[in-house]
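There are 2 protein chains.
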Amino acid sequence: MLDSVLVFSGLDPCGGAGISADIESINQFGVTPLPIVTTLTVQNTQSVKSTQTVDAQLITEQFNHLKEDVDFSVVKIGLLSSKSQIQTIASLLETCEALTIVLDPIISSSTNQQLLDEQALKSLKQELLPMVTVLTPNVAELNALSSTEDEQQAIESLPCEWVLLTTTDTSKNKIEHRLYHHAQCVERFTYTKLPGDYHGSGCTLSSTISALLASGVDVNIACKRALDYTYQSLLSAKSIGKMQYHPNRQAPK
Amino acid sequence: MLDSVLVFSGLDPCGGAGISADIESINQFGVTPLPIVTTLTVQNTQSVKSTQTVDAQLITEQFNHLKEDVDFSVVKIGLLSSKSQIQTIASLLETCEALTIVLDPIISSSTNQQLLDEQALKSLKQELLPMVTVLTPNVAELNALSSTEDEQQAIESLPCEWVLLTTTDTSKNKIEHRLYHHAQCVERFTYTKLPGDYHGSGCTLSSTISALLASGVDVNIACKRALDYTYQSLLSAKSIGKMQYHPNRQAPK
Numbered sequence: 028m029l030d031s032v033l034v035f036s037g038l039d040p041c042g043g044a045g046i047s048a049d050i051e052s053i054n055q056f057g058v059t060p061l062p063i064v065t066t067l068t069v070q071n072t073q074s075v076k077s078t079q080t081v082d083a084q085l086i087t088e089q090f091n092h093l094k095e096d097v098d099f100s101v102v103k104i105g106l107l108s109s110k111s112q113i114q115t116i117a118s119l120l121e122t123c124e125a126l127t128i129v130l131d132p133i134i135s136s137s138t139n140q141q142l143l144d145e146q147a148l149k150s151l152k153q154e155l156l157p158m159v160t161v162l163t164p165n166v167a168e169l170n171a172l173s174s175t176e177d178e179q180q181a182i183e184s185l186p187c188e189w190v191l192l193t194t195t196d197t198s199k200n201k202i203e204h205r206l207y208h209h210a211q212c213v214e215r216f217t218y219t220k221l222p223g224d225y226h227g228s229g230c231t232l233s234s235t236i237s238a239l240l241a242s243g244v245d246v247n248i249a250c251k252r253a254l255d256y257t258y259q260s261l262l263s264a265k266s267i268g269k270m271q272y273h274p275n276r277q278a279p280k
Numbered sequence: 028m029l030d031s032v033l034v035f036s037g038l039d040p041c042g043g044a045g046i047s048a049d050i051e052s053i054n055q056f057g058v059t060p061l062p063i064v065t066t067l068t069v070q071n072t073q074s075v076k077s078t079q080t081v082d083a084q085l086i087t088e089q090f091n092h093l094k095e096d097v098d099f100s101v102v103k104i105g106l107l108s109s110k111s112q113i114q115t116i117a118s119l120l121e122t123c124e125a126l127t128i129v130l131d132p133i134i135s136s137s138t139n140q141q142l143l144d145e146q147a148l149k150s151l152k153q154e155l156l157p158m159v160t161v162l163t164p165n166v167a168e169l170n171a172l173s174s175t176e177d178e179q180q181a182i183e184s185l186p187c188e189w190v191l192l193t194t195t196d197t198s199k200n201k202i203e204h205r206l207y208h209h210a211q212c213v214e215r216f217t218y219t220k221l222p223g224d225y226h227g228s229g230c231t232l233s234s235t236i237s238a239l240l241a242s243g244v245d246v247n248i249a250c251k252r253a254l255d256y257t258y259q260s261l262l263s264a265k266s267i268g269k270m271q272y273h274p275n276r277q278a279p280k
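First to last, the protein sequences are chains A and B. Mind the numbering: the first sequence is residues 28 to 280 in this note's numbering, read in order. Mind the numbering: the second sequence is residues 28 to 280 in this note's numbering, read in order.
Just to be clear, a hint being listed does not mean it is correct.
If chains are identical, the list can't say which one is meant, so a pair holds when it fits in one copy or spans any two.
Below, computed lysine-lysine pairings styled on DSS-like, alpha-carbon distance capped at 25 angstroms [stated by the list, open to error]:
#	residue 1	residue 2
1	K280	K149
2	K220	K152
3	K110	K199
4	K149	K110
5	K280	K269
6	K251	K94
7	K94	K269
8	K280	K152
9	K265	K280
10	K76	K94
11	K94	K265
12	K265	K201
13	K220	K110
14	K199	K94
15	K94	K220
16	K201	K110
17	K110	K152
Since the hints were derived computationally from the structure, they do not count as laboratory data.
So that you can see chain A by itself, here it is in the shape it has in the complex (with noise of 0.2 angstroms):
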């Protein structure tokens, strides 16, 4: 009965990142994504030409709706785009009891396009990183979440129990990812750099850690796992538009 995920995140019509990549990785597990779209982009695999964000209103009733019919115990969230809908989002998932949430903090496209203002960033901030469980920035947001660029620092001033520290974005040849356990580093994984440029590696992530945790799997062994997930749909990632590859999420091996 449980075995769902509610998901916040955008639309992304090349289908390699967003509500796309979320429903792909947690179907892929078994699990049943249940969407609720927060932004509709303009986007191809080489950029991010415009956003139209979905109004908090038509967002509220959705969840209560679904809400009244269907359980769900945990929640992933992507691509917010702006203060009102975070608020929003904050406040319809204060009504539930024991969610356990996974926030991957889009705040630039991989294409490097701003996707949250100032204004929204300190409202994810103040109002929605308090609730988090697992949190997976790459070292770009991480930096833009703390207030300085120090590892050990920035995670120390987050608010979250679990941050997974994805690297990728500023590794060479080999990357490694650390997990953080109440500041604490408690796991770290090594992987080989790939060629080329990806689009919704991070969604991949963040969407088949919550779906392993649907599952009841731990916390430590769900990153792991969602990560080398997410390195086999690279390795047999597409080409199919001009730019970006496209992560192929089939079965898990």
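With chain A's structure known, arrange chain B on it following the hints.
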């Protein structure tokens, strides 16, 4: 490069129908879904409470930006929600050469809410149906699209090359779906009717057909395999809400 399907569909937060069904089905066949949302619905397994039409201008921008970057030759169309939206999508598709279009003519939800008004239905018949390669109506939809309840006459009145008529909505124990080519019945597919109501079976069927066509499978074989896959997803359906069962779209067997 063309192993993709452009999808126009509604967003259903309970994930049974709409863009979730399309993304899951198409992805399970190894094809890339390119999702454009036409309608944001407030929906659960019991009812469609309300719908919000996505602006035709935004859909145009999404389509054009995607088309600049990603090639596609198969389009799957599900829920549409206004006359102007249908006209816009028909005009956009007319700019493409040699498209294969699969249309699931959604007029009401499976929980019996009307989703397409008279004007929109008229526009769908006049402007979109002539472009459609494979139409997948159930009996109620076939009747609504034609001015007769005589099946053969109704099929003859449609301008689509292929019509896969599903008859679950009028069958009791045995179901016989019929495939028409140029208004000639060329194949019959029989199944035992399953107990219970299912949310998203029509979306699963039409999107699976589109994925198979994108993979180069012939229409009659695609229809048979898609019917089998849909049946498989219903046989293993999940109960996630209080009413309709949720098709379990896992790897095709």
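Checked hints:
1. K280 with K149: neither (39 angstroms within a copy, 48 angstroms between copies)
2. K220 with K152: Close neither inside one copy (30 angstroms) nor across copies (52 angstroms); limit 25 angstroms.
3. K110 with K199: Classified as neither; 35 angstroms inside a copy, 52 angstroms across copies.
4. K149 with K110: within (8 angstroms within a copy, 41 angstroms between copies)
5. K280 with K269: Classified as neither: same-chain Cα gap 28 angstroms, cross-chain 33 angstroms, threshold 25 angstroms.
6. K251 with K94: neither (31 angstroms within a copy, 37 angstroms between copies)
7. K94 with K269: The answer is between: 11 angstroms across copies meets 25 angstroms, while 40 angstroms in one copy does not.
8. K280 with K152: neither (36 angstroms within a copy, 45 angstroms between copies)
9. K265 with K280: Classified as both: same-chain Cα gap 18 angstroms, cross-chain 24 angstroms, threshold 25 angstroms.
10. K76 with K94: between (34 angstroms within a copy, 13 angstroms between copies)
11. K94 with K265: The answer is between: 17 angstroms across copies meets 25 angstroms, while 36 angstroms in one copy does not.
12. K265 with K201: within (22 angstroms within a copy, 42 angstroms between copies)
13. K220 with K110: neither (35 angstroms within a copy, 49 angstroms between copies)
14. K199 with K94: neither (44 angstroms within a copy, 33 angstroms between copies)
15. K94 with K220: neither (41 angstroms within a copy, 30 angstroms between copies)
16. K201 with K110: neither (37 angstroms within a copy, 54 angstroms between copies)
17. K110 with K152: This pair counts as within: shortest intra-copy Cα distance 11 angstroms, inter-copy 42 angstroms.
Hint violations for this structure: numbers 1, 2, 3, 5, 6, 8, 13, 14, 15, 16, all remaining hints satisfied.
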